[in-house]
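Student: Just so you know, the protein sequences line up as chains A and B, in that order. Taking my numbering, the leading residue of the first sequence gets 1, the next gets one more, and so forth. Taking my numbering, the leading residue of the second sequence gets 1, the next gets one more, and so forth.
Derived from the structure by calculation, the hints contain no laboratory data. Hints should not be assumed to be uniformly reliable.
Where chains are identical, the list cannot tell them apart; a pair therefore holds if satisfied intra-copy or between any two copies.
When the alpha-carbon atoms are kept at most 27 Å apart in a straight line, the in silico DSSO-like pairs for lysine-lysine are as follows [stated by the list, open to error]: (1) K83 <-> K355; (2) K169 <-> K410; (3) K379 <-> K171; (4) K83 <-> K47; (5) K338 <-> K361; (6) K141 <-> K317; (7) K223 <-> K338; (8) K28 <-> K141.
2 protein chains.
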Amino acid sequence: MINVAVIGFGTVGSGTVKVLLQNSELIKERTGLDIRLKWIADLDIEKDRGVKLPEGVLTTDAYKAIDDPEVNIVVELIGGKTKAKELILRALRNGKNVVTANKALLAEDGYELFKEAYIQSRELGFEAAVAGGIPIIKVLKEGLVANNIIAAYGIINGTSNYILSKMTKDKIDFNTALAEAQVLGYAEQDPTYDIEGIDTAHKLTLMATLVYGIPLYYNEVYKEGITGITPEDITYAHELGYKIKLLAITKMIDGEIELRVHPTMIPDNYLISRVEGVFNAIYIRGDAVGDTLYYGRGAGDLPTGSAVVSDIIDIAKVCSNGKSYAVRMDNKAYKIKKIEDILAMYYFRFSALDKPGVLSKISGILGEHDISISAVIQKERRKGEAVPVIVLTHLAREKNVLEAIATIDKLPVITTKTHFIRVENQSIG
Amino acid sequence: MINVAVIGFGTVGSGTVKVLLQNSELIKERTGLDIRLKWIADLDIEKDRGVKLPEGVLTTDAYKAIDDPEVNIVVELIGGKTKAKELILRALRNGKNVVTANKALLAEDGYELFKEAYIQSRELGFEAAVAGGIPIIKVLKEGLVANNIIAAYGIINGTSNYILSKMTKDKIDFNTALAEAQVLGYAEQDPTYDIEGIDTAHKLTLMATLVYGIPLYYNEVYKEGITGITPEDITYAHELGYKIKLLAITKMIDGEIELRVHPTMIPDNYLISRVEGVFNAIYIRGDAVGDTLYYGRGAGDLPTGSAVVSDIIDIAKVCSNGKSYAVRMDNKAYKIKKIEDILAMYYFRFSALDKPGVLSKISGILGEHDISISAVIQKERRKGEAVPVIVLTHLAREKNVLEAIATIDKLPVITTKTHFIRVENQSIG
Numbered sequence: 001m002i003n004v005a006v007i008g009f010g011t012v013g014s015g016t017v018k019v020l021l022q023n024s025e026l027i028k029e030r031t032g033l034d035i036r037l038k039w040i041a042d043l044d045i046e047k048d049r050g051v052k053l054p055e056g057v058l059t060t061d062a063y064k065a066i067d068d069p070e071v072n073i074v075v076e077l078i079g080g081k082t083k084a085k086e087l088i089l090r091a092l093r094n095g096k097n098v099v100t101a102n103k104a105l106l107a108e109d110g111y112e113l114f115k116e117a118y119i120q121s122r123e124l125g126f127e128a129a130v131a132g133g134i135p136i137i138k139v140l141k142e143g144l145v146a147n148n149i150i151a152a153y154g155i156i157n158g159t160s161n162y163i164l165s166k167m168t169k170d171k172i173d174f175n176t177a178l179a180e181a182q183v184l185g186y187a188e189q190d191p192t193y194d195i196e197g198i199d200t201a202h203k204l205t206l207m208a209t210l211v212y213g214i215p216l217y218y219n220e221v222y223k224e225g226i227t228g229i230t231p232e233d234i235t236y237a238h239e240l241g242y243k244i245k246l247l248a249i250t251k252m253i254d255g256e257i258e259l260r261v262h263p264t265m266i267p268d269n270y271l272i273s274r275v276e277g278v279f280n281a282i283y284i285r286g287d288a289v290g291d292t293l294y295y296g297r298g299a300g301d302l303p304t305g306s307a308v309v310s311d312i313i314d315i316a317k318v319c320s321n322g323k324s325y326a327v328r329m330d331n332k333a334y335k336i337k338k339i340e341d342i343l344a345m346y347y348f349r350f351s352a353l354d355k356p357g358v359l360s361k362i363s364g365i366l367g368e369h370d371i372s373i374s375a376v377i378q379k380e381r382r383k384g385e386a387v388p389v390i391v392l393t394h395l396a397r398e399k400n401v402l403e404a405i406a407t408i409d410k411l412p413v414i415t416t417k418t419h420f421i422r423v424e425n426q427s428i429g
Numbered sequence: 001m002i003n004v005a006v007i008g009f010g011t012v013g014s015g016t017v018k019v020l021l022q023n024s025e026l027i028k029e030r031t032g033l034d035i036r037l038k039w040i041a042d043l044d045i046e047k048d049r050g051v052k053l054p055e056g057v058l059t060t061d062a063y064k065a066i067d068d069p070e071v072n073i074v075v076e077l078i079g080g081k082t083k084a085k086e087l088i089l090r091a092l093r094n095g096k097n098v099v100t101a102n103k104a105l106l107a108e109d110g111y112e113l114f115k116e117a118y119i120q121s122r123e124l125g126f127e128a129a130v131a132g133g134i135p136i137i138k139v140l141k142e143g144l145v146a147n148n149i150i151a152a153y154g155i156i157n158g159t160s161n162y163i164l165s166k167m168t169k170d171k172i173d174f175n176t177a178l179a180e181a182q183v184l185g186y187a188e189q190d191p192t193y194d195i196e197g198i199d200t201a202h203k204l205t206l207m208a209t210l211v212y213g214i215p216l217y218y219n220e221v222y223k224e225g226i227t228g229i230t231p232e233d234i235t236y237a238h239e240l241g242y243k244i245k246l247l248a249i250t251k252m253i254d255g256e257i258e259l260r261v262h263p264t265m266i267p268d269n270y271l272i273s274r275v276e277g278v279f280n281a282i283y284i285r286g287d288a289v290g291d292t293l294y295y296g297r298g299a300g301d302l303p304t305g306s307a308v309v310s311d312i313i314d315i316a317k318v319c320s321n322g323k324s325y326a327v328r329m330d331n332k333a334y335k336i337k338k339i340e341d342i343l344a345m346y347y348f349r350f351s352a353l354d355k356p357g358v359l360s361k362i363s364g365i366l367g368e369h370d371i372s373i374s375a376v377i378q379k380e381r382r383k384g385e386a387v388p389v390i391v392l393t394h395l396a397r398e399k400n401v402l403e404a405i406a407t408i409d410k411l412p413v414i415t416t417k418t419h420f421i422r423v424e425n426q427s428i429g
């Protein structure tokens with residue numbers, strides 16, 4: 001049993017608690033770990049966060065949680081610097097492992113914390129501190145551990161990216177886009193940290209330390225925000241074939257390291273140029289792996305909670321030190337859906353003689369099989385010759401599709417076996 | 001000291017050896033681990049693989065390596081099924097940890113291997129078996145461990161993606177594109193595994209087991225290759241707003257799991273539609289994290305070597321069980337480059353009165369500061385009013401840029417402080 005105390009029950013805190021409670025069965029199945037939420041500490045324990053809590057976990061006394069001998073992992077999610085630092089140090093000195101999402105604290109004052117963690121032989125996880133739900137810390141520390149990192153570029157502030165995307169799409173100016181972001185909750189009332197590149201610089205500081213093993217050089221990061229970008233800049237950039245993004249950049253050139261945050265023009269056919277709205281993406285070039293990119297939500301309760309809980313699980317594995325499965329394979333009888341039973345949209349390429357009523361015949365047979373049409377292309381018309389008739393459908397069952405095609409392919413006007421391709425446009429982002 | 005034996009010195013074997021040897025200092029710095037390449041076994045130990053090896057590591061006798069009591073980790077990279085399986089089982093029974101890139105073996109016959117690893121309490125790493133250099137196994141097993149996975153879609157066969165990309169770009173047919181891929185070494189002489197979706201199905205099988213904890217259901221995967229796709233299909237798909245990609249799809253709907261590999265039409269504004277050539281990408285939707293995407297090279301000696309070595313390091317950490325740093329921070333004095341010293345391309349927006357000779361004056365001053373122009377936009381011309389003059393430069397030093405602007409901003413024809421944006425178009429993929 002691994003006991004967890006969450007300190008701070010705000011957005012990230014409640015996301016963390018939701019993921020931990022709602023997916024506890026899944027986590028136990030996957031890892032064999034029994035992780036118990038023992039404490040949630042917050043000054044406000046009355047407000048409804050929309051999550052059903054076990055009896056007796058709420059407390060207004062953070063020390064009660066941090067000093068509890070049963071607690072293995074303390075999760076600091078109060079934000080800010082002074083108090084958070086005190087709590088983390090106290091937890092480490094109590095022999096607890098710590099997880100935090102506090103990028104400002106780590107970037108500006110992390111040396112003391114990481115040192116204390118090392119002295120105490122405890123873990124200090126911070127996956128949630130950079131790029132929210134994207135497991136970029138794990139990718140850098142473990143996945144690409146064998147690589148010299150040649151360069152890293154990140155869109156790692158959702159607020160700025162939302163504002164720039166909005167300015168680009170709606171051709172509006174910075175202030176209008178900022179106001180919209182504030183209404184939607186994508187920007188804070190005081191947006192300084194986000195729009196001036198400070199938040200981005202905090203995250204870049206942490207990434208650069210992982211990438212190059214350098215100290216936390218937050219004060220050396222060049223910071224320039226997006227307030228100076230005009231709709232004209234965006235238009236001219238577009239004419240020149242570029243997009244404007246707020247990038248965090250670190251690269252090593254001839255033994256010197258660059259650390260900079262500023263609006264950057266990037267060719268608009270690059271994958272990272274397509275990252276829009278509040279999404280984040282980090283492009284990493286390693287000497288062995290080459291070009292890689294990681295994309296996802298950089299903020300929000302559940303995405304950030306996903307990252308916090310992954311840290312909790314990593315640490316719980318170390319704490320429990322149990323026998324681990326290389327791969328978990330249940331004996332549960334899962335039903336694998338037969339291809340005939342799937343629902344999909346379909347593209348059909350019929351080859352038909354160009355005679356009157358062909359389309360009506362085809363669409364009639366499709367209709368009899370509960371297949372409805374969303375688009376048709378029928379272009380060239382050469383009398384007596386076969387022409388392609390292209391049909392795109394709404395969702396249909398594959399079994400019906402196969403039956404319809406079998407019937408259609410028997411029509412005298414159909415000259416070749418009908419070809420079809422499945423379409424996915426619903427759940428792919 | 002962790003001793004590694006690499007069995008199979010082909011493409012992936014030599015990539016693994018290169019990464020391990022060339023980045024050994026980096027790996028030691030980052031992890032504190034001393035990893036020694038003790039054996040490389042291959043039938044052909046004469047051929048030059050372009051890598052300088054330590055004395056005495058080559059052997060033609062795989063058993064010598066696998067039975068060596070000093071060896072901690074056996075890396076199986078011979079491919080194929082029968083012999084590879086025998087070697088892996090023997091290594092596990094000898095108490096070795098194993099790393100393999102053998103997706104066909106694992107997908108079709110992995111149960112026995114994973115079971116043996118579990119019985120022996122040994123690790124069986126296979127990061128390199130899916131999507132080459134992209135650390136997708138780690139992402140699924142650890143990074144997104146707290147998520148119910150709603151759906152996963154992968155472009156995980158570089159050969160097929162190269163052929164489809166080529167057919168799309170050059171409007172050529174399947175056979176022509178395949179022949180080109182073969183000439184370039186992107187397709188094998190017998191391309192069946194790649195173009196019929198078999199390789200993709202192997203990888204999907206492994207991903208689905210990680211995602212849903214189901215047995216290795218390779219035989220249940222619906223497989224359809226790309227040989228039926230015509231240039232016309234690609235053209236019609238384009239007219240309808242879609243791209244055609246060979247996708248591996250797994251999703252859970254109402255307790256039933258879909259496992260399918262087939263050409264799929266995807267809206268062309270989706271990020272995954274932009275994945276071209278031999279690149280791979282996996283889109284994962286989790287219930288907490290939402291939409292994420294992972295992109296990189298799915299094959300090749302060094303990218304796959306990067307993944308193999310990350311497995312070796314993960315296992316070596318478990319073997320050595322030493323004190324670990326949450327974050328490594330060297331005391332090395334690294335020089336952080338000042339922003340004035342960087343080299344970049346620049347976008348300038350000058351506000352100038354529309355008088356004759358303005359552009360010549362500006363470009364003259366830029367030239368005096370070693371800044372050469374690659375593009376100019378100067379559009380509207382209203383006499384006596386300020387107009388924007390947009391200039392894009394080649395690589396220049398920021399110090400020179402700042403000096404040039406200071407001089408230009410003093411010109412009487414310049415009405416407002418000049419705005420500039422840095423441009424990155426060289427090292428971002």
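Student: None of the hints should be skipped; say for each whether it holds.
Tutor: To see whether the hints hold, each was checked on the structure:
{"no.": "1", "hint": "K83 <-> K355", "result": "neither (80 Å within a copy, 60 Å between copies)"}
{"no.": "2", "hint": "K169 <-> K410", "result": "neither (49 Å within a copy, 35 Å between copies)"}
{"no.": "3", "hint": "K379 <-> K171", "result": "between (36 Å within a copy, 19 Å between copies)"}
{"no.": "4", "hint": "K83 <-> K47", "result": "within (22 Å within a copy, 62 Å between copies)"}
{"no.": "5", "hint": "K338 <-> K361", "result": "neither (29 Å within a copy, 72 Å between copies)"}
{"no.": "6", "hint": "K141 <-> K317", "result": "both (17 Å within a copy, 13 Å between copies)"}
{"no.": "7", "hint": "K223 <-> K338", "result": "between (54 Å within a copy, 12 Å between copies)"}
{"no.": "8", "hint": "K28 <-> K141", "result": "both (25 Å within a copy, 13 Å between copies)"}
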